[in-house]
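Fit chain R to the supplied structure of chain A, relying on the hints for placement.
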Amino acid sequence: MAADKWLSISCSVLIGVLLLAGCLPIPVVPHGLGVVPDKEAFESLRPGVTTRADVLLLLGEPNHRLDDDRFLMYEWTVAYGYVIVGGYTQAYPIPVAAPHYLCLEFGPDSRLVRNEHLIGSLYAKPDRAVRRCTKQSEELDESGEK
Amino acid sequence: MNTLERLHVILQFIVSMIIVTGCLGGCVTAQKVDPSTVSKYEGFIHDGETTKQEIQDRLGPAQSIYENGGILVYYVYLQDDGRMNLKGTGTCHACVLVFDKDNVLERHSLVKHGCR
Numbered sequence: 330m331a332a333d334k335w336l337s338i339s340c341s342v343l344i345g346v347l348l349l350a351g352c353l354p355i356p357v358v359p360h361g362l363g364v365v366p367d368k369e370a371f372e373s374l375r376p377g378v379t380t381r382a383d384v385l386l387l388l389g390e391p392n393h394r395l396d397d398d399r400f401l402m403y404e405w406t407v408a409y410g411y412v413i414v415g416g417y418t419q420a421y422p423i424p425v426a427a428p429h430y431l432c433l434e435f436g437p438d439s440r441l442v443r444n445e446h447l448i449g450s451l452y453a454k455p456d457r458a459v460r461r462c463t464k465q466s467e468e469l470d471e472s473g474e475k
Numbered sequence: 003m004n005t006l007e008r009l010h011v012i013l014q015f016i017v018s019m020i021i022v023t024g025c026l027g028g029c030v031t032a033q034k035v036d037p038s039t040v041s042k043y044e045g046f047i048h049d050g051e052t053t054k055q056e057i058q059d060r061l062g063p064a065q066s067i068y069e070n071g072g073i074l075v076y077y078v079y080l081q082d083d084g085r086m087n088l089k090g091t092g093t094c095h096a097c098v099l100v101f102d103k104d105n106v107l108e109r110h111s112l113v114k115h116g117c118r
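Listed in order, the protein sequences are those of chains A and R. Using the working numbering, the first residue of the first sequence is number 330, and each one after it goes up by one. Using the working numbering, the first residue of the second sequence is number 3, and each one after it goes up by one.
Think of the hints as simulated: they come from the structure by calculation, not from any bench. Here the structure is a predicted model, which means the values were calculated and not measured. Please note that a few of the clues may not be correct.
Label pairs and their calculated CB-CB ranges [claimed, not checked]:
(1) VAL106/R with ASN392/A: 24 to 32 Å
(2) ILE338/A with GLN81/R: 50 to 58 Å
(3) SER337/A with GLN81/R: 55 to 63 Å
(4) VAL106/R with VAL425/A: 48 to 56 Å
(5) LEU395/A with GLY45/R: 32 to 40 Å
(6) GLY436/A with ASP82/R: 41 to 49 Å
(7) ARG394/A with GLN81/R: 26 to 34 Å
(8) LYS89/R with PRO437/A: 34 to 42 Å
(9) ASN105/R with VAL414/A: 52 to 60 Å
(10) ASP333/A with THR93/R: 24 to 32 Å
(11) ASP36/R with GLU372/A: 14 to 22 Å
(12) VAL378/A with ASP82/R: 33 to 41 Å
Below 30 Å or equal to it, Euclidean Cα-Cα: the simulated BS3-like pairs (lysine-lysine) are [stated by the list, open to error]:
(13) LYS114/R with LYS34/R
(14) LYS454/A with LYS464/A
(15) LYS54/R with LYS34/R
(16) LYS103/R with LYS114/R
(17) LYS34/R with LYS103/R
(18) LYS368/A with LYS89/R
(19) LYS34/R with LYS89/R
(20) LYS114/R with LYS368/A
(21) LYS89/R with LYS54/R
(22) LYS34/R with LYS368/A
(23) LYS89/R with LYS114/R
(24) LYS34/R with LYS454/A
(25) LYS54/R with LYS114/R
(26) LYS114/R with LYS454/A
(27) LYS454/A with LYS368/A
Here chain R is said to cover these stretches of chain A; the calculated rule only asks that three of the stretch's residues, wherever they fall, bring their Cβ under 8 Å from a Cβ of chain R [as the list claims (entries may be wrong)]:
(28) 367-381
(29) 388-398
Glycine included, every Cβ here is placed at the ideal spot set by N, Cα and C.
Looking at chain A on its own, in the form it has when it is part of the complex (with noise of 0.2 Å):
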């Protein structure tokens, strides 16, 4: 039993420490960094029926307008946990966050044609997520993408 809680103690003593040293991040629940679009309204946009203008009235400005707007994209940031970087008298928390984007087409109607959350490290570098976002509904569709 002593046994137990000695190991408890100890293992948590070890996490604790290379918690504070900046070698695990420490987990939190993810949260929004900056601004953030409407959850509700970007889940509530419907292809073919949604038009560019419902869009910018629900969401305001995009961050990236592409080829003649027929690309809008949002982004945004999500941290998903922090690090903890300092000495013995100064400590702070670096988060430890990944960038989001919505990306939508629209067609030659002004109907939204597709939407696409892309989320990840992968696209840290925004040129990366444009060139994915402007990646043509057919070109996705052959490449089997989508």
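Frame of chain A, contents of chain R only:
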């Protein structure tokens, strides 16, 4: 309580504080507010009545234009009394105005934190 148990409690406290701070801080949602709110803020904006010319005469050129002028977006700041201001400091909101083919206002919204 021995030293290790005390350390355990302190670590639990630190981790809890970080989690709480992380969950509560640093995030705002870009969210559409009731369209009637905009009309209340700026009495001249009415769906089905106000023309694009009136809007541009009152507010000047828009920050963003979509669909060849069919959609205008103005960046606005809310004063303490609730009125919209085109210049200001603090949080920027997007006033989105959609016009029909006759250039009459069809729909509009105010998206809080909607500027990018």
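These are the hints, each one checked on the structure:
no., hint, result
1, VAL106/R with ASN392/A: 24 to 32 Å, "holds, 30 Å"
2, ILE338/A with GLN81/R: 50 to 58 Å, "holds, 57 Å"
3, SER337/A with GLN81/R: 55 to 63 Å, "holds, 57 Å"
4, VAL106/R with VAL425/A: 48 to 56 Å, "holds, 50 Å"
5, LEU395/A with GLY45/R: 32 to 40 Å, "holds, 37 Å"
6, GLY436/A with ASP82/R: 41 to 49 Å, "holds, 43 Å"
7, ARG394/A with GLN81/R: 26 to 34 Å, "holds, 29 Å"
8, LYS89/R with PRO437/A: 34 to 42 Å, "holds, 37 Å"
9, ASN105/R with VAL414/A: 52 to 60 Å, "holds, 56 Å"
10, ASP333/A with THR93/R: 24 to 32 Å, "violated, 53 Å"
11, ASP36/R with GLU372/A: 14 to 22 Å, "holds, 20 Å"
12, VAL378/A with ASP82/R: 33 to 41 Å, "holds, 39 Å"
13, LYS114/R with LYS34/R, "holds, 6 Å"
14, LYS454/A with LYS464/A, "holds, 16 Å"
15, LYS54/R with LYS34/R, "holds, 21 Å"
16, LYS103/R with LYS114/R, "holds, 27 Å"
17, LYS34/R with LYS103/R, "holds, 24 Å"
18, LYS368/A with LYS89/R, "holds, 29 Å"
19, LYS34/R with LYS89/R, "holds, 21 Å"
20, LYS114/R with LYS368/A, "holds, 14 Å"
21, LYS89/R with LYS54/R, "holds, 20 Å"
22, LYS34/R with LYS368/A, "holds, 11 Å"
23, LYS89/R with LYS114/R, "holds, 16 Å"
24, LYS34/R with LYS454/A, "holds, 29 Å"
25, LYS54/R with LYS114/R, "holds, 22 Å"
26, LYS114/R with LYS454/A, "holds, 27 Å"
27, LYS454/A with LYS368/A, "holds, 23 Å"
28, 367-381, "holds (count 4)"
29, 388-398, "holds (count 6)"
The structure is inconsistent with hint 10 alone, although it conforms to all the rest.
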